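Visitor: Sequence:
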Amino acid sequence: MHDNKTYLNEDRSKPYVLFVTEEETLGGYYFAHNMWGSLEAAGVATYERFHHDTFFKNHGYSGDFELLEWCHIKKPDLIVLRVHAFDGIHGVTPQTLWTLRHRMNIPFVFFLHDSDMCPLSSITTMEHAGIAIIIWDSFVLFSQLDKTKMILRMWPPYDTRLYNDHNCERDIDVCFAGTIEGAHSDRKEIIEGLQKAGLTVMVIGGNMDKKKKLPLEQYINILQRSKISLNFSNSSTGLSQIKGRVFEILFCGAMLLEQAGVDTPRFFEDGVEYISFSSVSDAAAKIRYY
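Numbers given in our numbering equal positions in the sequence shown, counted from 1, plus 39.
No wet-lab data here; the hints were simulated from the structure.
Small disclaimer: the values here were computed from a predicted structure and weren't measured.
For every residue, glycine included, the Cβ atom is placed at its ideal position computed from N, Cα and C.
Careful: at least some of the hints might be erroneous.
Derived Cβ-Cβ restraints for the label pairs, each shown as a range [said to hold, decoys possible]:
| hint | residue 1 | residue 2 | range |
| --- | --- | --- | --- |
| 1 | PRO133 | LYS113 | 20 to 26 Å |
| 2 | GLU79 | LYS252 | 19 to 25 Å |
| 3 | ARG327 | ASP204 | 21 to 27 Å |
| 4 | ARG51 | SER224 | 50 to 56 Å |
| 5 | TRP137 | VAL311 | 55 to 61 Å |
Okay, derived cross-link-like pairs now, DSS-like style, lysine-lysine, Cα gap no bigger than 27 Å in a straight line [as the list claims (entries may be wrong)]:
| hint | residue 1 | residue 2 |
| --- | --- | --- |
| 6 | LYS235 | LYS325 |
| 7 | LYS250 | LYS227 |
| 8 | LYS227 | LYS252 |
| 9 | LYS266 | LYS227 |
My request is simple: use the sequences and hints to build the entire structure.
Guide: Below, the structure written as structure tokens:
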């Protein structure tokens with residue numbers, strides 16, 4: 040969203056997409072390369088962004104009116120929505136959502152990329168507004184929702200200008216790039232078990248400690264240099280998920296060794312496109328074999 044109200048992107052030879060998201064919590068690390076980065080790389084549409092949290096921080100009031108004005112003038116072909124709260128501060132209010140969908144007749148897509156971070160009340164808000172929901176991560180959650188509503192389960196988009204196999208030297212035998220603290224202590228136990236079995240596992244990054252969080256380029260480089268990269272299929276609450284890390288590892292050309300779960304096999308064939316493990320000893324044997 041441009042505060043000076045200069046309306047750009049007048050070329051309508053391609054679909055025009057407006058992203059309505061939170062910039063501070065999602066943009067720059069996750070959403071930037073997953074959503075508008077992948078769209079830009081594909082070249083199939085033009086896009087602009089409206090961030091409620093940034094607007095509120097800059098102006099001290101809700102950006103709902105500005106968003107309505109923006110859509111009235113620009114008439115986007117699609118709004119892609121991802122917010123954590125429908126309060127006018129961190130995200131659009133339900134009233135404005137209804138106006139955009141039913142008065143302005145703008146199609147919406149709501150991306151649910153992390154089931155643990157989205158309360159069911161948000162899904163209910165989407166359903167009441169008649170907005171399509173796309174779930175990236177959890178077949179368990181998907182199976183619990185009403186399939187008569189507009190709900191689709193699919194894979195997350197990625198910017199392949201960043202995530203790709205550059206044929207780097209694979210000088211890291213085994214890595215895990217992610218969080219092992221807090222609710223993810225089970226990951227730490229498995230990795231320590233592998234290390235006690237005499238295997239070298241590089242552990243780097245994480246979201247619990249900002250000092251450990253890797254810049255995106257460094258994270259990708261670690262995956263591109265790894266022969267085998269670990270992934271764990273459970274969320275912090277124990278919900279089975281397919282992590283974005285699954286796609287990131289495979290895009291970067293490393294072998295995915297993942298804790299057995301119910302979601303990844305719905306996209307990839309175990310033993311062909313990735314390898315699953317059921318225990319520390321199973322993981323150790325497969326690392327030694329491959």
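Visitor: Could you run down the list of hints and mark each one as holding or not?
Guide: Here's how the hints hold up against the structure:
Checked against the hint of 20 to 26 Å, the pair PRO133 and LYS113 passes, with Cβ atoms roughly 22 Å apart. A hinted range of 19 to 25 Å for the beta carbons of GLU79 and LYS252 is consistent with their spacing of about 24 Å. In this structure the supplied range 21 to 27 Å holds for ARG327 paired with ASP204, their Cβ-Cβ distance being about 24 Å. A hinted range of 50 to 56 Å holds for the C-beta pair ARG51 and SER224, which are about 51 Å apart.
The hinted window of 55 to 61 Å between TRP137 and VAL311 is violated, with their beta carbons roughly 46 Å apart. Simply put, LYS235 and LYS325 have alpha-carbon atoms about 15 Å apart, close enough for the 27 Å limit, and the pair holds. Between LYS250 and LYS227 the CA atoms are separated by roughly 18 Å; this keeps the pair inside 27 Å, and the hint holds. A C-alpha spacing of about 17 Å is found between LYS227 and LYS252, which places the hinted pair at or below 27 Å, so the restraint holds.
Simply put, LYS266 and LYS227 have alpha-carbon atoms about 20 Å apart, close enough for the 27 Å limit, and the pair holds.
Hint compliance for this structure: hint 5 alone is broken.
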